[in-house]
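Work out the full structure: start from the sequences and follow the hints.
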Amino acid sequence: MNLVGELVLVKNRLMTLKTNIKDEDVEHAISTLELVTSELQNSVMKTRMQPIKKVFSRFPRVIRDLARKLNKDINLQLVGEETDLDKSLVEALADPLIHLVRNAADHGIESPQERFEAGKPRQGTVTLSAKQEGDQILLTVSDDGKGMDHAVLRSKAVEKGMMSEEVANAMSNKEAYNLIFAAGFSTKTEVSDVSGRGVGMDVVMTRINELSGSVEVDSVLGEGSIITIYLPLTLAILPTLMIKLSDYQFALPLSNVLEAFNMEPDKINVVDGQQVIQVRKKPLPLYFLNPWLVNDSCFEGAHRSQKVIVVQMGNQKFCLVVDNISGQEEVVIKPLGAMLTNINGFAGATITGDGSIALVLDVPSMMDNYAANSRIY
Numbered sequence: 098m099n100l101v102g103e104l105v106l107v108k109n110r111l112m113t114l115k116t117n118i119k120d121e122d123v124e125h126a127i128s129t130l131e132l133v134t135s136e137l138q139n140s141v142m143k144t145r146m147q148p149i150k151k152v153f154s155r156f157p158r159v160i161r162d163l164a165r166k167l168n169k170d171i172n173l174q175l176v177g178e179e180t181d182l183d184k185s186l187v188e189a190l191a192d193p194l195i196h197l198v199r200n201a202a203d204h205g206i207e208s209p210q211e212r213f214e215a216g217k218p219r220q221g222t223v224t225l226s227a228k229q230e231g232d233q234i235l236l237t238v239s240d241d242g243k244g245m246d247h248a249v250l251r252s253k254a255v256e257k258g259m260m261s262e263e264v265a266n267a268m269s270n271k272e273a274y275n276l277i278f279a280a281g282f283s284t285k286t287e288v289s290d291v292s293g294r295g296v297g298m299d300v301v302m303t304r305i306n307e308l309s310g311s312v313e314v315d316s317v318l319g320e321g322s323i324i325t326i327y328l329p330l331t332l333a334i335l336p337t338l339m340i341k342l343s344d345y346q347f348a349l350p351l352s353n354v355l356e357a358f359n360m361e362p363d364k365i366n367v368v369d370g371q372q373v374i375q376v377r378k379k380p381l382p383l384y385f386l387n388p389w390l391v392n393d394s395c396f397e398g399a400h401r402s403q404k405v406i407v408v409q410m411g412n413q414k415f416c417l418v419v420d421n422i423s424g425q426e427e428v429v430i431k432p433l434g435a436m437l438t439n440i441n442g443f444a445g446a447t448i449t450g451d452g453s454i455a456l457v458l459d460v461p462s463m464m465d466n467y468a469a470n471s472r473i474y
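For reference, each letter of the sequence shown is one residue, going 98 to 474 in the working numbering.
Treat the hints as calculated values from the structure; they're not laboratory data. One or more of the hints may lead you astray.
[Unchecked claim] The calculated lysine to any residue pairs, modelled on SDA-like cross-linking and capped at a C-alpha distance of 25 Å, are:
no.	residue 1	residue 2
1	K341	R110
2	K108	G445
3	K228	S154
4	K151	L308
5	K379	Q409
Pasting the structure below:
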């Protein structure tokens with residue numbers, strides 16, 4: 098796998114050089130090499146792949162034990178057990194999925210009596226499914242239980258002092274559902290060994306972010322909830338968006354990127370000391386990367402049209418302002434080494450197509466480190 102990674106870097110370098118060499122035979126040879134490298138890369142990826150059945154197989158027992166403990170009648174349906182994904186992901190997914198399944202059984206599925214009174218079958222169903230879509234894996238945990246009440250979630254957040262009533266009321270329903278991932282948040286009044294401590298869903302979000310994935314929640318009151326996890330097929334070779342800040346190049350993982358556009362300086366507004374910009378009729382926080390990542394950069398704010406990248410991290414969306422966007426590139430992440438391991442904001446480094454070194458950004462740790470201290474420039 099490491100050797101194929103090196104081969105991908107050499108291929109990227111040759112693809113860059115191809116544009117400068119005006120020789121038809123050389124161009125043809127490089128194009129053939131690119132094709133062979135891609136096929137070899139896919140073959141090696143397949144040897145690392147394992148069916149997700151390895152993780153799914155432990156859940157029938159988990160559900161049986163939970164149903165007995167909670168005095169509920171629960172049926173577990175497994176869909177797409179043969180879906181393959183990188184073995185490092187298979188091992189890392191066990192914990193988050195256990196929390197999600199326990200959550201669906203405890204918070205979602207009602208007791209047989211409550212289901213009967215609501216005109217539902219006495220037996221509740223939890224469905225765990227996996228499927229591949231392009232270069233992503235989609236995992237869903239759904240139940241046909243009572244669903245989530247966004248009003249209850251809002252009032253609980255206000256009660257716990259997580260936000261003011263005005264902020265809670267201004268949230269969309271989808272944003273209210275995402276409150277379940279906040280640390281210490283639980284709608285249970287009694288703490289049991291299954292739930293109520295407010296740790297499970299927080300662990301899920303942290304773990305999925307570490308795996309360069311994202312989570313989506315949807316629910317209909319009285320009908321059930323569905324939680325969808327989006328994950329990359331592999332963590333070994335990373336598709337990125339190459340960006341420039343001053344003279345430096347950085348790689349932004351493509352899994353975090355939603356869209357990019359040109360921004361005029363007069364489109365920026367300030368709300369509660371935070372710069373924001375309207376994207377598809379929704380205000381999103383705006384952050385300039387130059388003062389964060391380029392040392393001694395003389396930055397005086399936006400005076401000209403600049404490139405803006407809309408980024409998603411978990412359930413949050415925000416905009417990052419960069420000087421230039423070079424394009425997409427598949428990169429192999431190299432660790433930064435022992436001396437630089439504690440630097441927040443970077444996942445590693447890579448060699449780009451032109452032979453230079455680019456730092457690979459780690460969006461969650463970068464935002465944790467810089468966003469809280471961001472000020473208006």
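Cross-check of the supplied hints:
1. K341 with R110: holds (18 Å)
2. K108 with G445: Since the Cα atoms of K108 and G445 sit roughly 20 Å apart, the hinted pair holds (cutoff 25 Å).
3. K228 with S154: It holds: about 16 Å lies between the C-alpha atoms, which stays within 25 Å.
4. K151 with L308: Distance of about 18 Å is within 25 Å: holds.
5. K379 with Q409: Holds, at roughly 14 Å.
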